[in-house]
Amino acid sequence: MPTNLLWCLVGCFLGTVVGILPGLGPAATIAMLLPMTYSMSPASGIIMLTGIYYGAKYGGSTTSILLNMPGESSSVVTCIDGYQMARKGRAGAALGIAAIASFIAGSFGIVALSLIAPPIAAFALSFSSPEYFALMALGLALVVLLAGDSLVKGLIALLVGLWLTSIGTDLFTSQSRFTFGQTSLLSGLDFMVVAIGVFAITEVLSSISDQEETQVLPVPKGFRNLLPSWEELKACRFAFANGSIVGFIIGVLPGAGASIASFISYGIERAFSRHPEKFGTGLPEGVAAPEGANNADTGGALIPLLTLGIPGGGTTAILLSALVLWGVKPGPLMMTESPDVFWGLVASLYIGNVMLLILNLPMVPLFAQILRIPVYILHPVIFGVSVIGAYSVSGRLFDVLMLAGFGALGFAMSRLKFPVAPLVLGFVLGDAMERALRQSLMMSQGDLSILISRPISAGMLIFAVAVLFLPLLPRFRRLKEAAG
Amino acid sequence: MTKSIFRDGDIIAGALTAALGTYITVTASRWDVMGPEGPGPGFFPVGYGIALIILSLILIFQRFTAARHTEENRPFDWAGFRRAAITWVAFTASTALMQTLGFYISFGLLTLFLGLFVFEKPLKSALIAGVLSAAGFYIVFDMALGVALPVGLLGF
Chain A
1024 MPTNLLWCLV GCFLGTVVGI LPGLGPAATI AMLLPMTYSM SPASGIIMLT GIYYGAKYGG
1084 STTSILLNMP GESSSVVTCI DGYQMARKGR AGAALGIAAI ASFIAGSFGI VALSLIAPPI
1144 AAFALSFSSP EYFALMALGL ALVVLLAGDS LVKGLIALLV GLWLTSIGTD LFTSQSRFTF
1204 GQTSLLSGLD FMVVAIGVFA ITEVLSSISD QEETQVLPVP KGFRNLLPSW EELKACRFAF
1264 ANGSIVGFII GVLPGAGASI ASFISYGIER AFSRHPEKFG TGLPEGVAAP EGANNADTGG
1324 ALIPLLTLGI PGGGTTAILL SALVLWGVKP GPLMMTESPD VFWGLVASLY IGNVMLLILN
1384 LPMVPLFAQI LRIPVYILHP VIFGVSVIGA YSVSGRLFDV LMLAGFGALG FAMSRLKFPV
1444 APLVLGFVLG DAMERALRQS LMMSQGDLSI LISRPISAGM LIFAVAVLFL PLLPRFRRLK
1504 EAAG
Chain B
27 MTKSIFRDGD IIAGALTAAL GTYITVTASR WDVMGPEGPG PGFFPVGYGI ALIILSLILI
87 FQRFTAARHT EENRPFDWAG FRRAAITWVA FTASTALMQT LGFYISFGLL TLFLGLFVFE
147 KPLKSALIAG VLSAAGFYIV FDMALGVALP VGLLGF
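Residue numbers (this note's numbering), protein chains in the order written: chain A, 1024 to 1507; chain B, 27 to 182.
A few of these clues could be false.
Computed footprint of chain B on chain A; a stretch qualifies when at least three of its residues, placed anywhere within it, have a C-beta under 8 Å from a C-beta of chain B [claimed, not checked]: (1) 1181-1195; (2) 1225-1232; (3) 1403-1411; (4) 1423-1432; (5) 1458-1467.
Away from chain A, derived, C-beta distances all over 10 Å, residues of chain B [to be verified]: (6) 131; (7) 169; (8) 179; (9) 182.
If you're looking for bench data, these hints aren't it; they were derived computationally from the structure. By construction, the Cβ of each residue, glycine as well, lies at the ideal position given by its N, Cα and C atoms.
Next comes chain A alone, as it looks inside the complex (with noise of 0.2 Å):
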């Protein structure tokens, strides 16, 4: 449908603008804009958001080289060779060398995506509740492995979740559960308010906090300084591939995420370089590894978001909630009974990729003034659409009150090194995984052992168990040589 190209081109643009203002991020506007998509239909809708998704990695590398600021995580790494280029005067080449190697992996994500989602579907048709169980709780422990330095601060930020959203009323007895004798907790804390609380609100609260002025290396003009040489994209060609390959790879893993990509990718590429000590001082392989890296990532991710519903990461979570909300059931069956989503999806990817390229290479000059936008312009503007978002709800005030309060909440987990994602994670998936946990429990009476003598559920949870304590690992080790 023309709109949905429409859509597509809106969601992009809205991508670049978000990746490129330090503070705001992917995952804290898609949460922002969700309630007015409600109108839309849910192929637009998730056309829409999706283009924010993976715009903003393509935003993301213009702060880092300009800036050396990343305007979003999976740009960080960028920042070490691109804000060098930079400053040798290379600004031009360092931001085509990003652009280029995100199409190119970006499209091999896409491809990648279209051909293995549907055999995993075929397989994910055959779990029951132990399965779904199993394998919500082996996305979660992914999840905290990867989601910061502590693990128990992980894991205890996914046990608040999992709070959160008990909080209503249980589906099976109607019991009230942690309402605090207040009526509108009666339906349940709404996942918007808490998503563009511990995002949105954190972030602008977070920017605030920590302010620091920053200096703008200058955009050279005219669109043949935005392209590297053809020696500079010679020796970009196996960091091209590799941050195809390692991208993908580590975004089907749930909890990983295109930072994590992006180091590993540039890490892989200084290991393999015939130069490895020039790694820092301006290489474009240095630019186009991570930079690759963090846009094929996004194909791989929405693999076990679309196929399995589970998502992989704080933005990922928000999406599947935006399906669910549309009424389609991310899982093995969306290919099936929501086809023009799926495969409407899959196409926005590839055009979406096309669209990026043309707007990141010849706008990138215009799209870098935005930076220039004072924050005390920009911070409430975030916090106006943070409070529409919120009161588009449900029209009530309270939401926006809690919006606040889990603003607070967000800020005061980030000050303390609580990592975020594992609550918004244990606030989406908890509820279905205590339905499902439940609903076996009552196939099998009460009796624990179903969920292990399933072979498929036995073995997740198996592994679910194994990667919570791989870890601990090293540590029984040093205790030992320490004993011995």
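Since the structure of chain A is already known, use the hints to place chain B on it.
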């Protein structure tokens, strides 16, 4: 050292989450945990409530036994925290005022307040930002998109 460790963020966070876990476990244990038809509404909360208590105690224990890192000697950024706290209070107050003043006036006042007291801009700049932002939101969300927002005593 003993006094300062109890002011440590991890200790306070661990204590708070342990208290939360205790509250969850005690409250949920009053509901049906396991019935003849299977697990009840208390089953899941009791499980994660106990897990939360255990993990909180581990966090506190880890903090007591961990070696001091150099970043612990970095002074707390009270100025930054104050800016964020003032911003949050202003945001919450503007939310509460929306019932009386409506979204656009509350939002304009919030922008003015933040411009003056958080970003320390001149009165003229903050006032222009407040008026133009509110007007911009009115044009985009009310006139163009028709989004229903809180209306105050002045009718908008």
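Verification of the hints:
no., hint, result
1, 1181-1195, "holds (count 7)"
2, 1225-1232, "holds (count 5)"
3, 1403-1411, "holds (count 6)"
4, 1423-1432, "holds (count 6)"
5, 1458-1467, "holds (count 4)"
6, 131, "holds, 12 Å"
7, 169, "holds, 14 Å"
8, 179, "holds, 15 Å"
9, 182, "holds, 15 Å"
Every hint, counting from the list given before, is met by this structure.
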